[in-house]
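Visitor: Below, each chain spelled out in residue letters.
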Amino acid sequence: MAKKRELKYTEAIKEATDLCLKEYPTSFIIGPGVPDPKGTFGTTLKLVDKYGQDRVLDMPLSENGITGICIGAALTGMRPILVHQRIDFTLLALDEIVNNAAKWHYMFGGISSIPMVVRTIIGRGWGQGSQHSQNLQALYTHIPGLKVIMPSTPYDAKGLFISSVVDNNPIIFIDHRWLYNITGYVPEGTYQVPIGKAKIIRKGSDITIASTSYMTLESIKASKIIEKEGVDPELIDIRTLKPLDSDTIIKSVRKTGRFMVLDSGWKSGGFASEVITKVVENTFTNLKTSPQRICLPDIPTPTTRGLTRYYYPNTKDIVQTVLKMLEWKSNDIKSVISKSMKREKNIPWDIPDLTFTGPF
Amino acid sequence: MAKKRELKYTEAIKEATDLCLKEYPTSFIIGPGVPDPKGTFGTTLKLVDKYGQDRVLDMPLSENGITGICIGAALTGMRPILVHQRIDFTLLALDEIVNNAAKWHYMFGGISSIPMVVRTIIGRGWGQGSQHSQNLQALYTHIPGLKVIMPSTPYDAKGLFISSVVDNNPIIFIDHRWLYNITGYVPEGTYQVPIGKAKIIRKGSDITIASTSYMTLESIKASKIIEKEGVDPELIDIRTLKPLDSDTIIKSVRKTGRFMVLDSGWKSGGFASEVITKVVENTFTNLKTSPQRICLPDIPTPTTRGLTRYYYPNTKDIVQTVLKMLEWKSNDIKSVISKSMKREKNIPWDIPDLTFTGPF
Amino acid sequence: MDKKTQLSLFQKMYLIRSMEEKIVELYPEQEMRCPVHLCIGQEAVAAGVCENLTKEDYVFSNHRSHAHYLAKGGDPKGLLAELYGKVTGCSRGRGGSMHLIDLSVNFIGATPILGGTIPMAVGAALSSKMQGKGNISVVFFGDAAVEEGIFHESLNYASLRKLPVLFICENNLYSVQTPLSKRQPNRKISSVAIGHSIKSYREDGNNVVKVYDLAKKSINKIRKAHEPIFLEFLTYRWREHCGPYYDYNLGYRSKEEIEKWEKQCPLKKYKRNLLSKNIVTSKEIEQISHNISIEIEEAVDFAKKSSFPPRNELEKFVYSE
Amino acid sequence: MDKKTQLSLFQKMYLIRSMEEKIVELYPEQEMRCPVHLCIGQEAVAAGVCENLTKEDYVFSNHRSHAHYLAKGGDPKGLLAELYGKVTGCSRGRGGSMHLIDLSVNFIGATPILGGTIPMAVGAALSSKMQGKGNISVVFFGDAAVEEGIFHESLNYASLRKLPVLFICENNLYSVQTPLSKRQPNRKISSVAIGHSIKSYREDGNNVVKVYDLAKKSINKIRKAHEPIFLEFLTYRWREHCGPYYDYNLGYRSKEEIEKWEKQCPLKKYKRNLLSKNIVTSKEIEQISHNISIEIEEAVDFAKKSSFPPRNELEKFVYSE
Ligand SMILES: Cc1ncc(C[n+]2csc(CCOP(=O)(O)OP(=O)(O)O)c2C)c(N)n1
Ligand SMILES: Cc1ncc(C[n+]2csc(CCOP(=O)(O)OP(=O)(O)O)c2C)c(N)n1
Ligand SMILES: [Mg+2]
Ligand SMILES: [Mg+2]
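Residue numbers (our numbering), protein chains in the order written: chain A, 1 to 360; chain B, 1001 to 1360; chain C, 2001 to 2321; chain D, 3001 to 3321.
None of these hints come from the bench; they were simulated from the model. Where a beta carbon is used, it is the ideal one built from N, C-alpha and C, also for glycine. Check before you lean on any hint, since a few could be wrong.
As the list claims (entries may be wrong) - In silico DSSO-like pairs for lysine-lysine, Cα to Cα no more than 27 Å straight-line:
1) D:K3004 with D:K3216
2) D:K3133 with B:K1050
3) A:K50 with D:K3304
4) D:K3129 with B:K1046
5) B:K1022 with D:K3004
6) D:K3129 with A:K50
7) A:K38 with D:K3182
Claimed, not checked - Quick list of the computed label-pair ranges, beta carbon to beta carbon:
8) C:A2225 with D:Y3201: 26 to 34 Å
9) A:N181 with D:S3307: 50 to 58 Å
10) B:P1025 with D:N3249: 53 to 61 Å
11) A:P297 with D:E3031: 24 to 32 Å
12) C:Y2252 with D:N3220: 36 to 44 Å
13) D:E3029 with A:R254: 50 to 58 Å
Required output: the full structure, derived from the provided sequences and hints.
Guide: Pasting the structure below:
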């Protein structure tokens, strides 16, 4: 059998964008630097050569205004894709996104709609600091009328991106910067991954671990460690944060009786609280122990790696928490940790992999 | 004994502002219409006559800019109080509030701080619609570095407002429009109500009901009904949403074994999920039944009273849910409801009381 | 200007005025349960501008939107039913006065967040350009919207891309009870647009002929030269900022000022003008008035008799299919 | 201009250039783990403006802040230690290159959200006015910040209230890799300020004497007339937008363009000028250079030897007491 085609996450996004621009003549992509020689970390590279400046657009640094402009275009027949290099900048556009885009279809009685994708990037590490590495997905998941997507694989990134462009609603599509170099199987041509469906990526019976975006990679790493210790976790990649596929999660927790959720955002009032609440409301009598969440502490992001080292939760935290939930003795947990974490120690904690050299 | 002095909520806020302007010469208040003849629903009425135009300021409609201006003033010795007539408008200022104000103290290593109050109003009903009656407190409670206050009584409004002006951090102080006409005991002169402390407003043993702002009034109404049926609820007014006084709530739930939270915001990813998650994490083994939340459905606010009638949760919903949690039979619940709700039926659901005639 | 246009201008203004007066009359019944921002005194701007538009042209508006909606040809029934919160309203009752729409005449939408629809008009113009349509885009907003950053972001982009959009600022000197002098430096609002390299003019907004002429010239220019234009019209709101009453008692504007502007009533002035120049007869005026009052009574009847959206509509339309 | 000032201008520019070159040298060691936006080529603006400021005057800055910080008198040790993420950094390592502060010289803060600090400068000026202080407020920003609505909101308020604030736009023709022509219409940036009724001038930003003179005149005017002024300086960034390297290879700007600007090196030009007019001797230049290189070596040493903030600092400073 021929080896399956592998693409980087960035390439998957680019290919999806390319296909959408080709198939939907009313679609266009706009964002600061989108047509520039670096092409949004490579995700929009050279699309301008193929589709021209009228469909692959740079823009002034006017986040709220351009969002409103995209809404106006969407209301009159276009399908805009608006790209922001950091989710921090979207705070400038929250007015148009929340006050207008999210509510338009509802407040005008279903008469018109806004097919628009706002693609943006969250991240961590390498000294981006408080204003350049926020994980603000929770703000968006609270707003009725928005859909919020956070893929974790190149396959899903492509399929969900295409679904987002095809969808008739405003979509917040969030990439995690640390996924950009990962590779995976990506079919050629157009395909859709359904919005609103979580994915069970490992079947198991001891505990349900649901996660978003990059944290799914951490859950897989943790799973590999605990598997060896005889623990059998069920892993769920949430993929669509809103509307949340709670059915899949609930079904799993009814089976396993234990639940943990991993999210890259802040803990208090974060997306993880919503998932836990949904689970508790629906599986209370099945729960063997209190659900747990692993998120960022309620602290702005420090710049120095002297502190980010302790700021970001990692595989170790997951393993520890799972084993505690399974009532392991603390000495046994310690020995698993020290055994399994040796290798990890050599990778600096502020880069996704050893090829990464900054400055972004 | 002399009758205790009663003030309206609006008067309590005004008196607090007055006292702060008097006692803190570096404080000032600014907002669209703050010095105008209507004085922000009366809460700033005539303060300009007393303190002059240099301390009681109107402003251009530039929400983000004026927020930044207040931050700049706060960084150089002033204590600004910034007022927005609706929380919907603060979405325009989220950049300065979240990217700058919330993080400044942290990201500059504690070197400078931003003593600033952003006072804003949430509401409901009377046809304000999707863009003029959002309850967006959840957005703010997610952000480290902010404090979020939502009083429910004139007494607390005054005391918490003074505490907010004195505090050296950016504070989001949220009034619910439907509290403006309520009256209650308010002492003269300066006093503080501590930020970060919830208040037990009724001791009880059967269930803990925690609530924010206006929903506290609903919890009291519901409590009066279920008391008569022999149910003994413990009512907690959360008052400070961030930092959340989870200790008080947890202690109560450990005692009652049942928990319900009422919030005026949307359900998904709302503030209520955080409270439930905190409770479950800390009282799992004490819980006799699944905690419940009563919030807005995940729907933008419709304008017509034909739909707001079904949109806003009310006393009936609370009573029903409590009795269900106490495992009452559904027929018994129905009879309590029909017995107790008769009087309520005559008050239209889209106004806080019969004196209210719009248009705001 | 031909007679048809002249009659149409009068008709538009009269319709707007009558509708607003009808709202004034009915509002105290407390059955229209939503804020209303009436435009009595400001009718000439909407009428004079929209008279130059085709059905294909897009219009966007703000909180004070009744005039724009009616001048563009929006259905009066849909407006009144919307104010009453009925399912037959232009937004199925979900919007109220501040959220009007009538796609049959390309009135794309009005919303009350200041400045919110200004970029949308620019986006619609971009969309027309991308799709090779020949229509233009118009947005109405007040003097306070100019203070919002988004206004400038929109002008910058329209200018950069030379988009066919007409910006109409109705400068009525106040934002709620706050005068312009407390919000902006002492310079013409129209001069702001020049900073963005946009051609910009200021005109008396209570003289419908002047409004019409300037709008005509500007719209022709936009259609030909494919570039945005900014117009500032000086006008005045007679009633309170929000609601049906006068607000003399508040004291934020002087009686003299109000009276001065009432003398500049765009409707009376124009009617006098039409009659004195014998362009129309009183008979014709009466006929128009009569027809309009019937149209409005029908709309009231329609609105009152319509039903509220059914309960099962609450969850509908959160998402589009 | 007296000799002391001339030497000071040279000294400031040389310090900035040397610091940036040192960062270029050390950055590849991958020990300064934060983005850096170098200002090589743009030194004259910061030096020429700040030379006119007193310690009491406030300065705010953006992502490209090293020059502003140093020109205002910010501690070089604090800067370098901050880049290394050390607890001795000006922000205790929490900020990195994009978050500089030195309150001992009233450098109130630099942050990287475009336009974010512009209103703060206006607010600081308001605060000075309220407190009856005589100092002024200065904010540095790039050509792209002008596209942000908040820029206009800030200018409107400064103009309305006649606040003592100096707006400095460093127009280096690009935002990241995007040229001005893709972002703004073809007009002078300085003309935007005029729309807000603010006096506005444009000048060569690579000629430190011209910068100094214009800034001096403007600052005197601000101090006396209590009103804001806007200055646009034309200049050029030599290195890549972010990071230590050149970026000729990317192709978004031509080799000729870069070479043209390199010939306009503000530092070389000024040095040549000082020497040719016999204002300073090469000996004096050498002495200054020598002292600066020692100062920088000491700062490097200090930064490298300092320690990271201890683990228990992570939770500290979320709230102020
Ligand atoms: C962003 C925002 N801030 C504040 C308001 C509250 N508000 C509603 S109408 C209005 C007055 C606007 O004045 P102007 O733009 O001059 O229009 P006018 O009412 O005079 O027609 C204000 C401040 C709002 N709707 N949106
Ligand atoms: C609100 C916001 N949007 C986007 C960015 C990303 N960004 C960082 S620096 C920069 C370029 C800014 O250009 P300019 O203002 O001209 O300053 P220069 O880098 O040329 O000195 C951009 C777009 C940002 N920091 N903030
Ligand atoms: Mg006005
Ligand atoms: Mg630049």
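Visitor: Each hint: holds or not?
Guide: For each hint, the structure was consulted:
About 15 Å separates the Cα atoms of K3004 (chain D) and K3216 (chain D), which keeps this hinted pair within 27 Å; it holds. Distance check on the hinted pair: K3133 (chain D) and K1050 (chain B) sit about 23 Å apart at the alpha-carbon level, within 27 Å; holds. The hinted pair formed by K50 (chain A) and K3304 (chain D) fails the criterion: a straight-line CA distance of about 48 Å is larger than 27 Å. Note on K3129 (chain D) and K1046 (chain B): the hinted pairing holds, with a Cα-Cα distance of about 23 Å set against a maximum of 27 Å.
A distance of roughly 48 Å separates the Cα atoms of K1022 (chain B) and K3004 (chain D); the hinted pair therefore is violated under the 27 Å criterion. For the given pair, K3129 (chain D) sits about 56 Å from K50 (chain A) by alpha-carbon distance, which is inconsistent with the 27 Å threshold. Our distance criterion of 27 Å between C-alpha atoms is met by K38 (chain A) and K3182 (chain D), whose separation comes to about 16 Å. For A2225 (chain C) and Y3201 (chain D), the hinted distance range of 26 to 34 Å is satisfied, since their beta carbons lie about 31 Å from each other.
Between N181 (chain A) and S3307 (chain D) the C-beta distance comes to about 31 Å, which lies outside the given range of 50 to 58 Å. Between P1025 (chain B) and N3249 (chain D) the Cβ separation comes to about 58 Å, which falls inside the hinted range of 53 to 61 Å. Between P297 (chain A) and E3031 (chain D) the beta carbon distance is about 26 Å. The supplied range of 24 to 32 Å therefore holds. Between Y2252 (chain C) and N3220 (chain D) the CB atoms are about 39 Å apart, so this pair conforms to the stated range of 36 to 44 Å.
Distance hint for E3029 (chain D) and R254 (chain A): a CB-CB separation of about 54 Å, consistent with the stated range 50 to 58 Å.
Comparing the model with each numbered hint stated earlier shows that hints 3, 5, 6, 9 do not hold.
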